[in-house]
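There are 2 protein chains.
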Amino acid sequence: MSVTSAKGFRASGIAAGIKDSGNPDLALVVNDGPLTAAAGVFTSNRVKAAPVVWSEQVLKSGAVKAVVLNSGGANACTGPAGFQDTHKTAEELAALLDASAAEVAVCSTGLIGVRLPMEALLSGLKTAAGALAADGGAAAATAIMTTDTVAKTAEARGTGYAVGGMAKGAGMLAPGLATMLVVLTTDAVADAGVLDSVLRAATKVTFDRVDSDGCMSTNDTVLLLASGASETVPDLAEFQAAVTSVCADLARQLIGDAEGATKDIAVEVVRAASEDEAVQVAKAVTRSNLFKCAMYGNDPNWGRVLSAVGTTDAAFEPDQLSVAINNVWVCRDGGVGEDRDLVDLTGREVKVTVDLAAGTSSATVWTNDLTPGYVHENSAYSS
Amino acid sequence: MSVTSAKGFRASGIAAGIKDSGNPDLALVVNDGPLTAAAGVFTSNRVKAAPVVWSEQVLKSGAVKAVVLNSGGANACTGPAGFQDTHKTAEELAALLDASAAEVAVCSTGLIGVRLPMEALLSGLKTAAGALAADGGAAAATAIMTTDTVAKTAEARGTGYAVGGMAKGAGMLAPGLATMLVVLTTDAVADAGVLDSVLRAATKVTFDRVDSDGCMSTNDTVLLLASGASETVPDLAEFQAAVTSVCADLARQLIGDAEGATKDIAVEVVRAASEDEAVQVAKAVTRSNLFKCAMYGNDPNWGRVLSAVGTTDAAFEPDQLSVAINNVWVCRDGGVGEDRDLVDLTGREVKVTVDLAAGTSSATVWTNDLTPGYVHENSAYSS
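Going down the list, the sequences are from chains A and B. Using our numbering, you'd call the opening residue of the first sequence number 1 and step up by one each time. Using our numbering, you'd call the opening residue of the second sequence number 384 and step up by one each time.
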């Protein structure tokens, strides 16, 4: 289960010497067709890394033959020289694959503001191209890890076709996509327009509802490539469900491996006036450092939930707000509810429910607790 | 230097038994006139504590005879019964002072969602009223502390009059005022309208530009009381400067005592298209947990500054952004600038300058680093 779950794809992952550690740091995903249809979603950060600027242009054609991904350096805030590095990377891989650079997407992740070691990277491209294999998905997923502790892959099966994927991301996870690189593949027959609409609908309710630490990356990229190798034209609803399922699976894995986290927290807002307002309220809670510290301390401190809800302009009356933590309604109608000592917070997964009593819409946003481990990992180490 | 620096005020601070620790927890500030003019600014959180709802009503008259402040409980999210507790507190103090409850402001700070121990509080009011003294400002400042490690007081002298103040606040410090209670006093002759305009102008550039942890409180209150006892009608510009100076002094003390912090960080945005955009960009940086972790680790990680700036809609071009950390321009024109090893981050005070190259406006917002101490203090302890 990975980017090579779908027919028509080969992948590889190798150590090119980009990382000082010597760990794998260069991955390829190649679409052998017959189709090369593709869609992409990118960070909404206005400070975009060179590979994002490049890949956004590539995706405008709706065709991607190959994706090259490196960890060990984000190639962000590196100026015109950094953009040339991305361009050169695409050209070199295109030459190795007998393709056009305009069909090669590039993704990078790692420290911002540092040039990539191009000699090592270009030399690594040859090795990686030589290692391409129909079972190379696991190696590719490993080569894109930074502070990730586990490789992240997923797949779903449709009627006569497959959807596979891989992701990396452990910090800088926030709305409008996270510090994450995601490549999804399918052997279904679909054109770029269908892929684009399916991908946007899937990311809106999965990756966009993951907010580990409120920080938006310069490099976020989610790509969906279709090879058509199954010769199956999918039912659109089933295909949407399969792609969304793979995205949800990978998003859940990102939260589960977030830097320093000890809790995976689902903040569910119910009875909101609209889905947008439900998301707004949920994100206000997932952005509260005080709430996240309380979760780390197994403290069902619902006052911190209410004080976060109160910062939004969603429809609600303060004296009609209710909050449950792991299904114990510790706050009812804006005041004290059930005994907080009834709440068991010892497990890794926590559910916080906020009832706005203002409508019929709902949404869930996932986040993590704020821990000394998170602080340590992001202070002791330039990432 | 405190709320009793200005003539016409008495204050006290005692241990009423509201806190389990037995530390001082009840403070009074009484205006002996001849004027009882007052103005107030309150949290913009829609979930407001009972004392905030009460005091907002009191301040509508523009007259305050006395302020009663308790630590050890926020009286927030306590429903109609909590509001009755606030009302009863005001009535009892009014009776002791031969005043009207409608002239008694109430402030509370501590845990949300817990009723106050009213028997201890009401009994403490008598003790506190008996302890009122013209040099009681220091005792009052001590009695409003929660996780504060030091009492916070300030004063400024105008021509023939004084402005004094006290503050508490160490966590939940954020825009739209912080978890803070502030009482300012002056013996200048000023009516409620003047006090209101001076206070709003002062808080906008002081307390509203302090953002320690991004969390907005349910209880924030800043009051300015005038006794007129100096018989001096102040020059308005001088008076504004004096009040702003006391607010800035107290705001700086709040940042200096923030929970678990090891750094006081001034994020200065220059060459913005407007002051509002300068504040918006500064707050995006002060809200970035990754930036704050880097500061804790003495890591001049300017990429985290740029990625925060990129989340705003302020006017700038990404390739014209420059960033200095302690006056070393580590990022120039969106790319690598001076050697980051030149940055010395060993001191407690840090200055980060963001040059937007988009205009002539500027603003500074203060924040702290994110530390294991912050996490510990807010997880090991319900506050």
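Any given hint could be a false lead.
[Said to hold, decoys possible] Examples of chain A residues toward chain B, derived with CB under 10 Å:
| # | residue |
| --- | --- |
| 1 | Ala76 |
| 2 | Asn327 |
| 3 | Val328 |
| 4 | Arg340 |
| 5 | Asp344 |
[Claimed, not checked] Not close to chain B: a few residues of chain A, all C-beta gaps over 10 Å, as computed:
| # | residue |
| --- | --- |
| 6 | Asn45 |
| 7 | Asp98 |
| 8 | Met118 |
| 9 | Ala248 |
| 10 | Gly297 |
| 11 | Asp299 |
| 12 | Gly310 |
| 13 | Asp319 |
| 14 | His376 |
The hints are simulated quantities; they were obtained by calculation from the structure and are not laboratory data. The model shown is predicted, which means the values in this text are computed figures rather than measured ones. C-beta atoms are modelled at their ideal positions from N, C-alpha and C, and glycine is treated no differently.
Here is what the structure says about each hint:
Using the Cβ-Cβ criterion of 10 Å, the hint placing Ala76(A) at the interface with chain B is satisfied: the shortest such distance is roughly 7 Å. For the restraint placing Asn327(A) at the interface with chain B, the shortest Cβ-Cβ distance is roughly 18 Å, beyond the 10 Å limit, so the hint is violated. Violation of the interface hint for Val328(A) is found here, the shortest Cβ-Cβ separation to chain B being roughly 14 Å, above the 10 Å cut-off. For Arg340(A), the interface hint holds, since its Cβ comes within 10 Å of a Cβ in chain B; the closest pair sits about 8 Å apart.
Because the beta carbon of Asp344(A) sits about 16 Å from the nearest beta carbon in chain B, more than 10 Å, this interface hint is broken. Residue placement check: Asn45(A) does not keep its beta carbon more than 10 Å from all beta carbons of chain B (closest about 4 Å). With a least beta-carbon separation of about 34 Å from chain B, Asp98(A) lies farther than 10 Å from that chain, consistent with its non-interface assignment. Listed as a non-interface residue, Met118(A) keeps its Cβ farther than 10 Å from every Cβ of chain B; the least gap is roughly 15 Å.
For Ala248(A), the condition that its CB be more than 10 Å from all CB atoms of chain B holds, with the nearest at approximately 25 Å. Under the 10 Å C-beta cut-off, the non-interface status given to Gly297(A) relative to chain B is violated; the minimum distance is some 3 Å. For Asp299(A), the condition that its CB be more than 10 Å from all CB atoms of chain B is violated, with the nearest at approximately 6 Å. A Cβ of chain B approaches the Cβ of Gly310(A) within 10 Å, the least distance being about 3 Å, so the stated non-interface status is violated.
A cut-off of 10 Å between C-beta atoms contradicts the statement that Asp319(A) is not in contact with chain B; the least separation is 7 Å. At the 10 Å boundary, the C-beta of His376(A) falls inside the reach of chain B, the nearest C-beta of that chain being 7 Å off.
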